[in-house]
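Novice: One-letter residues, chain by chain:
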Amino acid sequence: MKTKTGFGIGFFASVLFLLTFIPFGPTNSGLKVGDIAPDFQLKSTSGKLVTLKDYKNVKGYIVVFTCNTCPYAQAYEQRIIDLHNTMAPMGWPVVAIMPNDPSVQPGDGFDKMVERAKEKKYPFEYLLDDGQKVFPAYGAVRTPHVFLLDKDRKVRYIGGVDDNSEDETLITRRFVEEAIAAVEKGTEPVPNMTKAVGCMIKVKK
Amino acid sequence: MHMRKLTLMAALMLILSMGKAQQVYESFDDFAPLLAQTQNDTTYVINFWATWCAPCVKELPYFEKLHQAMAAQKIKVILVSLDFRKDLETKLKPFLAQRQISALVAALVDSRQAQWIDKIDPSWSGAVPATLVYRGSQRQFKEGEFENFEDLQQFVLHFFDPKN
Chain C
1 MKTKTGFGIG FFASVLFLLT FIPFGPTNSG LKVGDIAPDF QLKSTSGKLV TLKDYKNVKG
61 YIVVFTCNTC PYAQAYEQRI IDLHNTMAPM GWPVVAIMPN DPSVQPGDGF DKMVERAKEK
121 KYPFEYLLDD GQKVFPAYGA VRTPHVFLLD KDRKVRYIGG VDDNSEDETL ITRRFVEEAI
181 AAVEKGTEPV PNMTKAVGCM IKVKK
Chain E
1 MHMRKLTLMA ALMLILSMGK AQQVYESFDD FAPLLAQTQN DTTYVINFWA TWCAPCVKEL
61 PYFEKLHQAM AAQKIKVILV SLDFRKDLET KLKPFLAQRQ ISALVAALVD SRQAQWIDKI
121 DPSWSGAVPA TLVYRGSQRQ FKEGEFENFE DLQQFVLHFF DPKN
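The listed protein sequences derive, respectively, from chains C and E. Residues 1 to 205 (this note's numbering) are what the first sequence spells out, left to right. Residues 1 to 164 (this note's numbering) are what the second sequence spells out, left to right.
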């Protein structure tokens, strides 16, 4: 009887504890390293409708959630172009997805995306997450946010491109390139997750 | 002696050129003590923002209002700008001059963010805005913006609950 009461109090205490702390705990669901990422079909600034399975002879995909308007996305724009130019010939193309709601962030409208892609000569597909279904499924929260998938769409790395957003000369770790090298060697990337400052993905309230 | 005088002059000139209340932290290690004032009973409200972040700019007045409304309390509101170093003079400074913000403004320009985001809060993805409130060992963190002033006030007020 005594134990039962003890259990009861303990149980209520833990429920209370959960109720108190859950709202402030981590809220990000979405993909984790090791999960299989869902494929998608999104329209590209190139005019194509893009699906990952349509890529031929690839070893994996560098899926980057990015946009026109975020200064951090802009700071990484050339680095993402360079990343594609270096890695795509090795079988690792960049697939860029713009996750913001253009009605909240007009600078990220599809026409503006087309303009940007043309102006900066994006060598990769730049896709609109029309209806904003893909970014929550991946668990992207900011721009830029990288998800490195292998050819089976298994998530191998999540995070930033490298360890210095502002000054390229001070980069000491190129996380995405290092992760690809690790996967190609048949090992686990270290780290397989990093954090970076970025802009929150814009959704309608 | 001469050297010391020069250093002092240089420091003074630097302070004057920075304008009011704008402290620049080049390294996270220098900033970290602001997160660890746990030996007193002051409530620290630390908001991470940037001039380029629209939702951040929208909620700044809520923090300014909090700072003014609770001036009689043991509370310290610190607005930590994550603007790029190159933008401090050209963007942050004019922004602050225009806004007349009386809460303390600091700039954290340590661009090795992957190393320090977790130290602010392990649940933080790195997206701004984000807000940390703490007093002693009590901590609360929020990623994302506050809907309005009352929303922010609610978030902070329970640190002043007599039960705590």
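Calculated from the structure, these hints are not laboratory results. Cβ atoms here follow ideal geometry from the backbone N, Cα and C, with glycine treated the same way. Each hint should be verified, as a subset may be incorrect.
[Stated by the list, open to error] Covered by chain E, per the in silico footprint, the following chain C stretches (three or more residues, Cβ under 8 Å):
# : segment
1 : 153–163
2 : 188–201
[Claimed, not checked] Restricting the straight-line Cα-Cα distance to at most 30 Å, the calculated cross-link-like pairs of lysine-lysine (DSS-like) are:
#  : chain 1 : residue 1 : chain 2 : residue 2
3  : E       : K58       : C       : K112
4  : C       : K204      : E       : K65
5  : C       : K204      : E       : K91
6  : C       : K133      : E       : K58
7  : E       : K86       : C       : K120
8  : E       : K74       : C       : K202
9  : C       : K118      : E       : K65
10 : E       : K119      : C       : K120
11 : E       : K119      : E       : K65
12 : E       : K91       : C       : K154
13 : C       : K43       : C       : K185
Novice: What are the numbers of the hints the structure violates, in ascending order?
Specialist: Of the numbered hints, 8, 9, 10, 12, 13 do not hold.
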